[in-house]
Amino acid sequence: MSKPVILCVEDEVEVRDALLRDIQPFAQAFKIDEAEDAADARDAVTQCLQADRKLALVLCDHLLPGETGVSFLVSLNEDPKTRSTRKVLVTGQAGLEDTVKAVNDAGLDHYVAKPWTKESLQEVVTRQLTDYVIEHVDDLLPYVSVLDGARLLEAVKHRGRHE
Amino acid sequence: MTKGRYIGLASAIVLFFLPWFVEFPGLPVEGHRVLGIFLAAIALWITEAVPLHATAVIIILAEILLVSDKGILSAPEGFEPPSFRLFFGTLADPVLMLFLGGFFLAHGAAKFALDRNLARVLLRPFGTSAPMILLGLIIITAVFSMFMSNTATTATMMAVVLPVMSTLPPGDRMRTGLALCIPIAANIGGMGTPIGTPPNAIAIGALARDGISIDFLQWMLMAVPFVLVILAFTWVIMRQLYRFNGKRIELSIESTFDTSIPAKVFYVTFAATIVLWLTTKMHGMSSSIVGFVPVVVLLSTRVFSPKDLQSLQWHVLWLVAGGIALGVGVGRCGLDAWLIGLVEWNSLSSTMIVAALALTALVLSTVISNSATANLIVPLAMTLAASDGIAVDPMVAAVFVAIGCSLAMALPISTPPNAVAVATGAVRTRDMALVGIVAGSMGLGLFLFAGQWYWALVGVLR
Numbered sequence: 001m002s003k004p005v006i007l008c009v010e011d012e013v014e015v016r017d018a019l020l021r022d023i024q025p026f027a028q029a030f031k032i033d034e035a036e037d038a039a040d041a042r043d044a045v046t047q048c049l050q051a052d053r054k055l056a057l058v059l060c061d062h063l064l065p066g067e068t069g070v071s072f073l074v075s076l077n078e079d080p081k082t083r084s085t086r087k088v089l090v091t092g093q094a095g096l097e098d099t100v101k102a103v104n105d106a107g108l109d110h111y112v113a114k115p116w117t118k119e120s121l122q123e124v125v126t127r128q129l130t131d132y133v134i135e136h137v138d139d140l141l142p143y144v145s146v147l148d149g150a151r152l153l154e155a156v157k158h159r160g161r162h163e
Numbered sequence: 001m002t003k004g005r006y007i008g009l010a011s012a013i014v015l016f017f018l019p020w021f022v023e024f025p026g027l028p029v030e031g032h033r034v035l036g037i038f039l040a041a042i043a044l045w046i047t048e049a050v051p052l053h054a055t056a057v058i059i060i061l062a063e064i065l066l067v068s069d070k071g072i073l074s075a076p077e078g079f080e081p082p083s084f085r086l087f088f089g090t091l092a093d094p095v096l097m098l099f100l101g102g103f104f105l106a107h108g109a110a111k112f113a114l115d116r117n118l119a120r121v122l123l124r125p126f127g128t129s130a131p132m133i134l135l136g137l138i139i140i141t142a143v144f145s146m147f148m149s150n151t152a153t154t155a156t157m158m159a160v161v162l163p164v165m166s167t168l169p170p171g172d173r174m175r176t177g178l179a180l181c182i183p184i185a186a187n188i189g190g191m192g193t194p195i196g197t198p199p200n201a202i203a204i205g206a207l208a209r210d211g212i213s214i215d216f217l218q219w220m221l222m223a224v225p226f227v228l229v230i231l232a233f234t235w236v237i238m239r240q241l242y243r244f245n246g247k248r249i250e251l252s253i254e255s256t257f258d259t260s261i262p263a264k265v266f267y268v269t270f271a272a273t274i275v276l277w278l279t280t281k282m283h284g285m286s287s288s289i290v291g292f293v294p295v296v297v298l299l300s301t302r303v304f305s306p307k308d309l310q311s312l313q314w315h316v317l318w319l320v321a322g323g324i325a326l327g328v329g330v331g332r333c334g335l336d337a338w339l340i341g342l343v344e345w346n347s348l349s350s351t352m353i354v355a356a357l358a359l360t361a362l363v364l365s366t367v368i369s370n371s372a373t374a375n376l377i378v379p380l381a382m383t384l385a386a387s388d389g390i391a392v393d394p395m396v397a398a399v400f401v402a403i404g405c406s407l408a409m410a411l412p413i414s415t416p417p418n419a420v421a422v423a424t425g426a427v428r429t430r431d432m433a434l435v436g437i438v439a440g441s442m443g444l445g446l447f448l449f450a451g452q453w454y455w456a457l458v459g460v461l462r
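Residue numbers (this note's numbering), protein chains in the order written: chain A, 1 to 163; chain B, 1 to 462.
Simulated from the structure, these hints should not be mistaken for lab results.
From the three backbone atoms N, C-alpha and C, an ideal C-beta is built for every residue, glycine too.
Derived CB-CB ranges, DEER-like:
(1) A:Gly-66 with B:Gly-425: 40 to 46 angstroms
(2) B:Gly-171 with A:Ala-51: 36 to 42 angstroms
(3) A:Gln-47 with B:Val-22: 50 to 56 angstroms
In silico contact screen, one side only, chain B against chain A (beta carbon under 7 angstroms); selected entries:
(4) Leu-52
(5) Asn-150
(6) Ala-155
(7) Leu-162
(8) Thr-197
(9) Leu-319
(10) Ser-369
(11) Thr-415
(12) Pro-416
(13) Ala-419
(14) Thr-424
(15) Gly-425
Just chain A, same shape as in the assembly (with noise of 0.2 angstroms):
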């Protein structure tokens, strides 16, 4: 089975590659994509689903460089194929209105402040993709020693494998 996708939205490059750098532990069991802006990412999206991966996680900054981080991920929330992606916001200039619309219209499931922890984002990501795995992917055991292997396992003991 091809890696799930975790895929990075941010346009400065310098808090793009900090964001990267951070959330390598879990280049193990994911793949991890980058994009500048909302086309950009669009694009990622797309050869994604194509090549047959799941979309697990997108971590998203607001303010991009044409349409808005918030924007994408409504966008995102209203296609099936993607609906169930785990949706991260990583900003510091999101206004109430824009956050509002984000946990409302884009299914939002966290919000991560700028500036950031590498231990905070990290586990804001491990519970997210833990989340995720547990609802969409068949064999847990390659993420155990990735995600929250204690919660892991027990999903794991409902799964039955045949002894």
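Based on these hints, arrange chain B on the given structure of chain A.
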């Protein structure tokens, strides 16, 4: 679909039709039909071209269509085809009801977190000395896996040790030891009761068809002493190998038992079922009838909802049913006698025959599923034991095959508990192969050396 699956499917189809084109002297026509089914089952169970439980239902349907009274082909001359009900009936074989009872108890234990809490409480007396913790983990895992599936037990116990594993430095041998002792103990513990693991049920089901019944307590009496010796041996080598001696481990042992009314109903049902299983001699209800008691109680009291009922692992039961159906077909159509006639068994001693059966089971189930192995080998073992001139007791033959299946734990693919341990990242295949082969061959040797003698001693074997 992968290439391996195509090959599996193609060879299953070729093997299925082979006996239709090649005539084997001495084998009746109906035997040819079942031989095709048997060969195709081997191919499908080894390659997993279709899921294991799908192979089981294929066998049942194929037997109904080819050798039952409702078949689509006319029955060969002189062959009295068995009722199709016999084959459908394997899906509700008494031994499956026994297992269903076990599933209810295991599902409830997980639902009310009884397993997790009990594990922590039971670990307390073992203190903080590392070798004692290792012993505690081994014993508790083994006892749990006697009543829950080996895989569920491993998942439960691994969750107990994961936090402490993460505090140990990556190179620490104890990390490997902690993650490895659990699947090994779960595989060994699974031998301990009739519901410990599907191969036990397959052996019991096959014996019951020949009128030989083993009750819950008898099985435990036969297996548990051996389980304990193998566990003790495993403990001694693992504490050395993974440098537990002289160290300390702090496990989190906090527990909060669910005290809601449904949880309490479940606890009582659980305890009562086990007591009933152990006292068959006093009340006369067989293990499979007792197994149906928690089903009735937990559904009537609404402790189990329809959702709980749906989430049980029915596919595991159906796989066992497929094995039973295969045994029925092989026995009813004269394939058994013909197969046995192929070899000069009289030249082999009974010990050698039993050893060969157990070893074949061990080797095969190292690479394929234990249940599938038992499904394929138990019918052959039973036939062998029933034929003239061979002094092998059917019970010995069937139980040794079941044990051989459980002792196969050398590779990550040997059994799901092993796969769970490797998934933690702390166990390499090398570690698993070493401990798995040493404990497995020691266990097999012990059973071969002392099994029949001890079973006769405790009066299970006449």
